[in-house]
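K.L.:
One-letter residues, chain by chain:
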Amino acid sequence: MSAVPDSEIEHLLRRAGFGARADELALFRNMTTSQAVDYLVNYEQVPDDVDTHIGKSGYVGVNSTNGAFAPQSNIVDARQRWLFRMVHSNRPLQEKMTLFWHNHFATGYTKIAGALSASEGARYMAAKASGDPGHVRGQIEMLRDNALGNFQDILLNIAKDAAMLVWLDGRSNVKGMPQENFGREIMELFTMGVGHYTEPDVYAAARVFTGWNLARPGSASDGSQHYEFVYNAGAHDTGAKTFSFPIYSNGSPTIPARSASAGMQDGLDFIAALAANPNTGRYLATKLYRFFVSESGDVDAGWVNYIALVYQQTHYDMRQVVRAALLTPQFWDSDAYFARYSWPAEFVVRAMKDIGWNGFSVFNALTPLSNMGQVLYDPPDVSGWDLGQSWFSTSAMLSRMNFASAVAGNQKFALATAAQPYNQNPETLLNWVLDSLQTAPMTSAVTGELNDYLRATGPWTGSAAQLQAKVPGLVHLVAGSSEYQLV
Amino acid sequence: MVLVVGAGPAGATAARTLAQAGVTVRLLDRSNFPRNKPCGGGISLRILKRFPYLERELGSIATHSVARLHLEGPGGESTIVESDGPAALMIRRYEFDALLVAMAVEAGAELVSGADIVQAAANRSGVSLVARDGRRFEAPVVIAADGVNSVIARRLGLNRGWPPSRVALDMMEETPRAALRDVDPATLWVAYGFDPVGARGGNGVATNGRTTRVSEGYAYVFPKRDHVNVGIGYMLDHYREAVGRPPYELQRDFVTHLRRRGVLEGDSVEENFTPFLIPVGGPLRTVGKGRVLLAGDAGGFVNGFTAEGIYYAMVSGDLAARTIVGTAPGSESSLARRYQKACDGEVGTELRDSVLIQRYLFGNRRRIRRVIDGAGRRPATTRLVLDFAIGRIPYSTLRRHMLARSPMLAAGFVLERLRHVSRS
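Here the protein sequences come in this chain order: C and P. The working numbering puts the last residue of the first sequence at 487; the count rises by one with no breaks. The working numbering puts the last residue of the second sequence at 911; the count rises by one with no breaks.
Don't read these hints as lab results, they were simulated from the structure. Treat each hint with caution, since some may be false.
Listed below are several chain P residues computed to face chain C (Cβ distance under 10 Å; list not exhaustive) [stated by the list, open to error]:
| no. | residue |
| --- | --- |
| 1 | Pro573 |
| 2 | Leu902 |
| 3 | Leu905 |
| 4 | His907 |
For clarity, every value in this text was computed on a predicted model and none was experimentally measured. Each residue gets a CB set at the ideal place from its N, CA and C atoms; glycine is no exception.
Chain C with its partners taken away, still in its complex shape (with noise of 0.2 Å):
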């Protein structure tokens, strides 16, 4: 719990990140906004080593399932592992985009591992190529390693994807039997959205991605047999493909027929025709206001305008395109702040980095996601997560409210040690408490019940037997209080 309150930066890091631990205010509150900006995106500057604290004191803990800890092929501890990610990590925009492009492309770990296994599903969403016997790097380590990379190129990892190719069906697309399931998400979903294609579109795109299956080299005696991407120009679809919308520079709706060893031009000409259509920059620049901006009324029009334009601009860098989201005056006006409905990942990453974590562990937060409606890994289908307020019904707000009162408690005597120099009076208290936590504004009800709940079991001492007995409850109804679910 840190005292000093800079809203400004913490309004940057609720967006950029996931709120602020106590070291991350003092390190950005040296800097102005857009140093703290450039800090941010830059973040291959800062060293990428967040994973090899998991397990040490001082951080949050992880819990492991079944005997050892084994986030690469255990997908509860892969969850704790990305938790763990989010609460620690000094690249929080590099864990915030990821989050972003999870929900983008939307890929459900459950049906992964009903086709292959338990173990496998695990492995091709979360593990890290580095630990993998086959080099096997899961669709969310991709989405990582590109967080703020060329959208183009995201694209063509994403259709190369080996959970991708199982989650949408891409293994059973092949000449004469198109399965269109890729073919209409990659235009509605991950890039021009609705609107803008028709359906003979969606059966030329499925042909153009025939062949785009897996195989499975390695050897399973030492683990590395794995599935990766691989052209299968046997069952390529060697005739043209002629869409609605421009796939070349000149203006050529047509691919034009190729043989079917170079057949797997079609598809990198089509990605690269998506990711070059205006409607694409428009389509990520309204999601990414709704990700940074607000969610509150409609979306500025001229803020997609713009940011769409530094889309084509910059070739689809998605560096200078969410640099540019962030200095916008609309990102920084005082309207814009609290703004958005916390994604359960938000709340509950931000409520340990604000309450404290040392003696908690992310495995406690694992049920209550799920009882939020966030699932990490495995979101309910390829639209991704229902946000803003579809994400509160009263059970998940109960929920919402019970994590908060389980960290709290949990950081029971940290806190009561913390509050000790603010226990002058209840208003001292509660002042530190709201300027830890920092919320929407409350009104003077809502403050004045929690004045209520300080002083409603007898006259005021500031012991430390109150401050234990009080701190706690009072963090627990702030962070469960409606205000601190905006973000």
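Given chain C, work out where chain P should sit, using these hints.
P.N.:
Showing chain P alone in chain C's frame:
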């Protein structure tokens, strides 16, 4: 000069408070007092805590107080809640409203009767109103306490009309005891989830076996000193979708049903029967704009759970008047904001909560049963509710107690505030 439109409890209270503070005030109403008004006519006794001056004045009209409540659920389960002293004050609006108007006039307000406002326009410097007979009224500030169908709220764009999910259709008669009376005049009789559609089948209580959602209705018998009020109400959307029988037919069947059960004696009298609307969806998002403040039903100041409106009408009227008195000339632009804040501070939480409790209980028939069972088994809760009703404890104490016992309800409260926060 302030114009107060509507001389019901909200308007009359506002006019009195203003006049007492030395403000020139004209109190407009379309009727000549005394006039009748359809209403259950029950007020929780805490009104005397909030408006101590009432106690002395009430001696001049017929009042009746009760200490016992018969509460019944959709499955026929019931309980009796008993207070150690009077908990509710029963009045007839015919007399009570006239009394409040008389008190306003006595304090110095000018009463203008027969002024049925049909047009309203506001600009930077004031508000002008036109009555049906062509009379014009102008004032720098207006309190609109013109009821559930407030013309002013509609004309000034503060309320485009209540959605049917936010109003209850209340159908009731107030009949002299000579014709119709309750067997036990010391008890309020209230049923939640009441469904006279099922009454045609026999026991008068919703059976509704397939779904757990209850009929969004209630029924009541309120004893007065010389009269009895008997009524049924539904959420308007529920009435339209699921009930669809003519109001008086429902009323007659209901009275017959209660007679068979030995709750009532005598007969329903159709001339005393009136259906009317109660805004039970919580206060409007904005209860004031520029130089116009909405009070009472016009602003939605009604408890969504109990449908009690008189107390909140008087509080909102009083707060509107106090806000005006406390506003320096020239700073009228802050009027609406300060009024909103005052209302929010005194009754905002309980009114918003009440809507949630209403939806929570109507959402599942088991919940009503649990409340009714709990009344007997949890005397501490029952005591707090009664203490709240008579003004012995503030709402925040009752609320803390409820939240500690029902986490789902607590989450619902927080969620509702989230909607409130993110909209503003």
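K.L.:
Would you check whether Leu902 (chain P) satisfies its interface hint, that is, whether its CB is within less than 10 Å of any CB in chain C?
P.N.:
holds, 4 Å
K.L.:
Tell me if the interface restraint on His907 (chain P) is satisfied: Cβ within less than 10 Å of some Cβ in chain C.
P.N.:
Holds, because the Cβ-Cβ distance from His907 (chain P) to chain C comes to roughly 8 Å (cut-off 10 Å).
K.L.:
Classify the hint on Pro573 (chain P) as holds or violated, based on whether any CB of chain C lies nearer than 10 Å to its CB.
P.N.:
With a closest approach of 28 Å, the Pro573 (chain P) hint is violated.
K.L.:
Just to be careful: measuring from the Cβ of Leu905 (chain P) to every Cβ in chain C, is the smallest value less than 10 Å?
P.N.:
Hint on Leu905 (chain P): holds, closest Cβ of chain C at ~3 Å, below 10 Å.
Violated hint: 1 only; the structure is consistent with all others.
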